[in-house]
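Under the numbering used here, the first residue of the sequence shown is numbered 447, with each subsequent residue one higher.
What the hints contain is simulated information worked out from the structure, not anything from laboratory work.
Treat the hints with care, since some could be wrong.
To be verified - Straight-line Cα separation of at most 25 Å, PhoX-like style, residue types lysine-lysine; simulated pairs:
hint : residue 1 : residue 2
1    : Lys606    : Lys705
2    : Lys610    : Lys646
3    : Lys726    : Lys549
4    : Lys737    : Lys549
5    : Lys458    : Lys525
6    : Lys646    : Lys662
7    : Lys610    : Lys525
8    : Lys617    : Lys636
9    : Lys606    : Lys452
10   : Lys607    : Lys540
11   : Lys655    : Lys669
12   : Lys540    : Lys610
13   : Lys458    : Lys636
14   : Lys452    : Lys529
15   : Lys737    : Lys726
16   : Lys549    : Lys705
17   : Lys669    : Lys549
18   : Lys525    : Lys549
19   : Lys617    : Lys452
20   : Lys458    : Lys549
21   : Lys529    : Lys545
22   : Lys669    : Lys458
23   : Lys614    : Lys529
What the hints assert, rightly or not - Taking CB as the label site, the calculated pair distances span:
hint : residue 1 : residue 2 : range
24   : Gln535    : Ile566    : 52 to 62 Å
25   : Thr494    : Glu732    : 30 to 40 Å
26   : Ala543    : His605    : 44 to 54 Å
27   : Thr530    : Leu727    : 26 to 36 Å
Yeah, the Cβ is synthetic: ideal placement off N, Cα and C, and Gly gets one too.
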Amino acid sequence: MDLFFKYLTYEKRYSPHTLTSYRTDLGRFAEYLAQTYQLSDPAEADHTIIRSWIVSLLQNKMEARSVNRKIACLRSYYKFLLKTGVISQNPMLKVTAPKAGKKLPAFLPQETMQQLFEQIEFADTFEGWRDKTVLELLYGTGMRLSELIGLTENAIDFHKKTIKVLGKGQKERILPLNASLENCLETYLKHKTLEFPDNKPAALLVTAKTQPLYPKLVYRIVKHYTGLVTTSQHRNPHMLRHTFATHLLDNGADLNAIKELLGHSSLAATQVYTHNSIEKLKAIFEKAHPKA
447 MDLFFKYLTY EKRYSPHTLT SYRTDLGRFA EYLAQTYQLS DPAEADHTII
497 RSWIVSLLQN KMEARSVNRK IACLRSYYKF LLKTGVISQN PMLKVTAPKA
547 GKKLPAFLPQ ETMQQLFEQI EFADTFEGWR DKTVLELLYG TGMRLSELIG
597 LTENAIDFHK KTIKVLGKGQ KERILPLNAS LENCLETYLK HKTLEFPDNK
647 PAALLVTAKT QPLYPKLVYR IVKHYTGLVT TSQHRNPHML RHTFATHLLD
697 NGADLNAIKE LLGHSSLAAT QVYTHNSIEK LKAIFEKAHP KA
């Protein structure tokens with residue numbers, strides 16, 4: 447297992463978040479094998495044993511999407527074992543993933559986002575401007591949580607009005623800065639310089655103790671401020687990414703352009719946002735058409 451995770455880290459360059467999830471999933475699978483089949487090595491499991499674990503997860507009311515993530519982990523693991531010669535046959539070839547119903551991405555209306563940035567007061571302090579910058583970056587660029595945390599000051603080019611993001615698989619992409627975000631970044635950086643005059647951290651977004659922001663803190667920031675303008679239960683960083691993409695599409699942006707901005711590897715991942723727009727069109731049609 448240690449070799450597998452080194453392979454994912456250094457060769458496949460998986461994100462820390464994915465690695466944590468895979469460690470948890472593989473650990474729970476190993477526990478199941480030990481308790482149910484007295485197997486100490488997952489390499490000894492065949493497709494019937496793997497299927498029995500999947501059935502047990504579904505019987506415990508786990509959502510199909512979560513089960514499929516665990517299956518994806520096992521697919522990677524057994525592919526690795528096959529590649530390194532630990533096993534001669536891949537048991538996952540006989541394992542079928544359960545069908546998961548597609549959920550439409552949750553997003554906030556444009557009026558709600560306007561209210562967040564125009565009516566909510568942020569403290570005129572380092573932390574107040576940092577929190578506002580977090581929200582402006584997530585909604586203004588559609589970047590992922592891991593990309594936000596990994597930003598450095600060098601990533602910003604105020605002359606070209608762009609920011610460089612390091613995405614999945616260490617792929618770089620350049621994102622444009624809107625005027626509001628640019629002003630927010632400039633003010634935040636001034637406060638950051640005043641806050642840490644002797645030892646300014648290289649990470650763009652930091653805590654009061656000069657450490658880079660961590661996921662739980664970003665979640666808290668997003669949940670707190672969006673809670674001031676909405677009662678939605680989906681108040682998290684990824685929801686702002688969905689909001690960014692949906693608002694672009696609603697305002698006529700090309701789907702391929704949205705794909706590039708989001709850093710998706712295929713258009714299929716981006717097309718989910720068209721469903722939100724179709725629902726909006728249906729609502730307008732039903733409200734406005736005489737025969738609706």
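- Message: Output the indices of the hints that this structure fails to meet, ascending.
- Response: Numbers 4, 7, 8, 9, 10, 12, 13, 18, 20, 21, 22, 25, 27 - these are the hints that the structure violates, sorted from lowest upward.
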